[in-house]
Amino acid sequence: MTPPAPFRGSQGRPKGWKGSPRQGPGERRPRRESDQRLNGHRKWRLEKHPEKRPEKENWSRERPRRRGGDDAMVGHHGGRSRWEHRPRWDQKPGGPRRPNRGGWREQERERHGSTPGGESFPLTETTPPPRDLVWGRHAAEAVLHSERPVHRVWCTGELRFSTRFMEVLREAKAAGVVVEEVSWARLAQLCGGAVHQGIVLQTAAASSVTLKDLLGRCDQSREPPLLVAVDGITDPHNLGAIARSAEAFGGHGLVAPQRRNAGLTGSVAKVAAGALEHLPVARVVNLNRSLEQLKDAGYTIVGLAGEGGQSVVEIPAGEPLVVVVGSEGTGLSHLTRQYCHQIVRIPLRGRTPHLNAAVACGVVLYEIARQRWLGELHGSMPTPP
2 MTPPAPFRGS QGRPKGWKGS PRQGPGERRP RRESDQRLNG HRKWRLEKHP EKRPEKENWS
62 RERPRRRGGD DAMVGHHGGR SRWEHRPRWD QKPGGPRRPN RGGWREQERE RHGSTPGGES
122 FPLTETTPPP RDLVWGRHAA EAVLHSERPV HRVWCTGELR FSTRFMEVLR EAKAAGVVVE
182 EVSWARLAQL CGGAVHQGIV LQTAAASSVT LKDLLGRCDQ SREPPLLVAV DGITDPHNLG
242 AIARSAEAFG GHGLVAPQRR NAGLTGSVAK VAAGALEHLP VARVVNLNRS LEQLKDAGYT
302 IVGLAGEGGQ SVVEIPAGEP LVVVVGSEGT GLSHLTRQYC HQIVRIPLRG RTPHLNAAVA
362 CGVVLYEIAR QRWLGELHGS MPTPP
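In the numbering used here, the protein residues as written are 2 to 386.
Just so you know, not all the hints are guaranteed correct.
[Said to hold, decoys possible] Pair by pair, the computed Cβ-Cβ distance ranges are:
(1) H279 <-> V314: 20 to 30 Å
(2) V210 <-> T235: 14 to 24 Å
(3) H146 <-> V286: 31 to 41 Å
(4) R153 <-> H355: 40 to 50 Å
(5) H335 <-> N357: 36 to 46 Å
(6) T164 <-> L356: 17 to 27 Å
(7) R350 <-> V179: 45 to 55 Å
Calculated directly from the structure, the hints in this document are not laboratory data. Glycine residues also receive a C-beta, built at the ideal position from the N, C-alpha and C atoms.
Given only the sequences and the hints, what does the whole structure look like? Please build it.
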């Protein structure tokens with residue numbers, strides 16, 4: 002704290018100071034330009050010193066009035082009236098408007114991508130994340146142990162030095178992968194506010210195969226192939242759960258249309274818990290045309306609907322099968338039903354009218370796996386390799 006200034010007397014020296022005064026005892030202190038006695042005689046000064054007279058003829062201390070006629074003094078607004086319009090300093094001339102052509106929004110989205118900002122990282126939690134990100138501990142562990150290229154890893158300090166990820170992250174860093182420790186808030190920002198469980202990966206896009214390649218892989222299997230086809234599954238959580246159930250119960254592939262269906266995003270990989278790294282996915286343009294090709298290849302097409310005429314226990318599990326699952330809202334489309342050999346239902350005993358699409362698919366896949374396991378026990382089916 003600054004100490005207060007010492008008290009000074011009438012002659013400008015501290016109290017109790019015994020030095021010599023600034024002027025002699027009989028001398029008078031010279032006047033300053035700021036002295037009130039001098040400033041009060043402005044007229045006398047101007048008459049005595051005409052060279053100091055201002056150039057303005059009518060000297061007045063009054064401030065000029067506004068041009069608008071509102072009898073107000075001119076302040077920081079200058080000579081502008083109080084109610085006078087003030088143009089913007091950043092105002093630009095208006096350019097031509099966008100031509101009114103139909104479908105231009107869809108064309109721009111196809112050109113620049115459906116996600117805001119293209120493929121850049123999101124800035125807020127509400128922004129959809131890029132499609133090259135994978136989050137979740139099970140999904141991240143499966144990607145790190147697979148042959149899928151990994152470019153960057155964001156994780157928390159607790160997870161990096163955990164016994165589950167410490168060794169695999171050390172190997173990834175030795176292979177040239179950038180491993181960065183960030184906060185939970187930064188991870189939530191990267192994945193768009195999803196449940197990331199402390200780790201986010203930037204990897205190559207999830208690979209998909211053609212339907213021809215998928216059929217070639219199924220021909221090499223020693224057991225009857227089992228495929229799952231989805232019709233209008235737009236919820237990524239349902240698609241991820243279906244892929245997880247299909248891989249867990251011995252499915253050989255997943256057939257998904259490219260349009261009106263959820264893509265292989267980070268949310269799908271999170272719910273699938275690593276199943277996408279072991280289950281081949283075929284992205285087809287037309288699902289009904291693909292079902293026709295599978296039908297010609299000797300597969301039995303089984304549709305799942307609540308109003309099916311047969312029970313799920315009547316599925317011929319010993320044959321090559323394709324289980325078609327529709328959306329929860331509309332179910333299987335009318336055209337898709339025409340390509341199915343049979344429409345089956347799950348018998349329910351409660352008051353709930355129907356099940357979730359992913360849950361219903363899991364029940365059907367378990368019933369098929371149960372029948373095949375019983376066939377293996379009785380020797381009526383070939384054993385898997």
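Status of each hint after checking the structure:
H279 and V314 have their C-beta atoms about 28 Å apart, which keeps the hinted 20 to 30 Å range intact. Range check, V210 to T235: about 22 Å between beta-carbon atoms, so the 14 to 24 Å window is met. Checked against the hint of 31 to 41 Å, the C-beta distance between H146 and V286 comes to roughly 32 Å, which is consistent with it. Checked against the hint of 40 to 50 Å, the C-beta distance between R153 and H355 comes to roughly 42 Å, which is consistent with it.
The beta-carbon spacing between H335 and N357, approximately 22 Å, falls outside the hinted interval of 36 to 46 Å. Separated by about 38 Å at the C-beta atoms, T164 and L356 break the suggested range of 17 to 27 Å. The beta-carbon spacing between R350 and V179, approximately 54 Å, falls within the hinted interval of 45 to 55 Å.
Violated hints, listed in ascending order, are 5, 6; each of the other numbered hints is respected by the structure.
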